[in-house]
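Use the sequences and the hints to build the structure in full.
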Amino acid sequence: MSDTLGDGKLELKQASKEVKESENVAEKYSAMTVSKNSEIVMGELSVSSAAFSAVPTHKPVKKQIQFVEDKQEFSRFPTKAGRRSLSRSISQSSTDSYSSAASYTDSSDDETSPRDKTQLNSKGTNDFCVKNIKQAEFGRREIEIAEQDMSALISLRKRAQGEKPLAGAKIVGCTHITAQTAVLIETLVALGAQCRWTACNIYSTQNEVAAALSEIGVAVFAWKGESEDDFWWCINKCINMEGWQPNMILDDGGDLTHWVYKKYPNGFKKIRGIVEESVTGVHRLYQLSKAGKLCVPAMNVNDSVTKQKFDNLYCCRESILDGLKRTTDVMFGGKQVVVCGYGEVGKGCTAALKAMGSIVYVTEIDPICSLQACMDGFRVVKLNEVIRQVDIIITCTGNKNVVTRDQLDRMKNGSIVCNMGHSNTEIDVASLRTPELTWERVCSQVDHVIWPDGKRVILLAEGRLLNLSCSTVPTFVLSITATTQALALIELYNAPDGRYKQDVYLLPKKMDEYVASLHLPTFDAHLTELSDEQAKYLGLNKNGPFKPNYYRY
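FYI, UniProt numbering numbers position 381 of the sequence shown as 381, with every residue one higher than the one before it.
Just so you know, not all the hints are guaranteed correct.
To be verified - Here are the simulated DSS-like pairs of lysine-lysine, each with C-alpha atoms no more than 25 Å apart in a straight line:
no., residue 1, residue 2
1, Lys501, Lys170
2, Lys158, Lys134
3, Lys270, Lys293
4, Lys170, Lys237
5, Lys354, Lys412
Honestly, the hints are just simulated from the structure, not real lab data. None of these values were measured; they are calculated from a predicted model.
Shown next, in the form of structure tokens:
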């Protein structure tokens, strides 16, 4: 199954409309201002708000959106406070878990829940809840390192901060809280926004970075190793503050959007738009749109070229090896690995493993992705055909129950199972929490699941996103996604009433090209320019867009 759910096609009529809009405004891209008529200008590219207009996309989804509230009783690692209720998309976790990524607070012996602490930053405020505010200095150093490899986002910050295009914006965010995300958050603040933030994953928060953000006045509610109750409590604290009403949402996975719909539906009266970056969250938005329940415009960042072709592909190509090495020290050469899904994430994972000498199989439901895998030299199989012989299983489909209990029962001793998709639904971890199986914590984010006959399967991050739970991700690639998110927020916030309806939109290709152009100076890359004669021959504007909307990179 590929990363992007639905058939991923824009209607030709919509594509043509976007191309015409982009061509009509191409000449306007020159300097950076935001005027009363919503003109947004970036560096040498001036963008009228109309030019920034995104194109609605309609991906057919057969099922209505559902948020199941079923609870599960099994608790392998109960916390001191006993907060262990499982909810819709969150599997059992343990607060004593932390990744092998350098996180100074993770090694702390303090088992007290941050919810039970009273902490103040240097300004004397306490509108935050993090592991240890005293670690802010360490977090600041990590953010400074990240800034060095996110020059494009920093450039956007410098060009736009004078005009404050997000002045008056009150952004509530639910993403991974890492040094790279902190650079994005501080960019939004520099552009005039007020921000309140929480984590979209209970394992991915870098505690010292959360402390650094809290120290400068950003209301952060997150720490590594939250319980399920903590997770929803933190989301609620971000939204429910007396005298503060969010008017923009930046989400990663759809949990924040779901919570607002469930608990604060009237809040959408003041929210101007949603920006979503994950395949899971985008899928839920399309379901809401099809059901007629989407209350505000939404930007689909996940399907932008700069997200799909860079973050999903190149980020996973590097981080899959990092996550597996840090947790298991596995030797890749000669290992038999099956990668479930050959979308951009799957392509990145398989390329890395193949380069290390692994024997790689691919499972897919899509014949086009399957043919790509075959042409790239991988054997496409059904999981049941190789389940008894493979050493490692990696899921990256965005689906549920990709690896079932029956298949886990048939895996050989010492096999490794992990997930590279956003949600923890791909591996049926709940089925492993039964009395006949023993769970043995090996180290942070690594568990042995032991069968009655002594067979052991190594489960990483309890089926959650491997790279951000167990290691780190490349900063430069995240700069590309973060810049796209910032532009999407600027556009939705500054768009005049009526431009966007209650639907899901893509940023136009011109904006993808602009984000890419901001990152080229890092490589000292020099673009060839079309002559007037060449541009006329191709029927293009010299300044782009250079490809039609239906073009597949």
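Verification of the hints:
Between Lys501 and Lys170 the CA atoms are separated by roughly 21 Å; this keeps the pair inside 25 Å, and the hint holds. A distance of roughly 29 Å separates the Cα atoms of Lys158 and Lys134; the hinted pair therefore is violated under the 25 Å criterion. The straight-line distance between the Cα atoms of Lys270 and Lys293 is roughly 16 Å, inside the 25 Å bound, and the hint therefore holds. For the hint pairing Lys170 with Lys237, the CA-to-CA distance comes to about 15 Å; that is within 25 Å, so the pair holds.
Of the pairs offered as hints, the one joining Lys354 and Lys412 holds, with about 22 Å between alpha carbons and a cut-off of 25 Å not exceeded.
Checked against the numbered hints given earlier, this structure breaks only hint 2.
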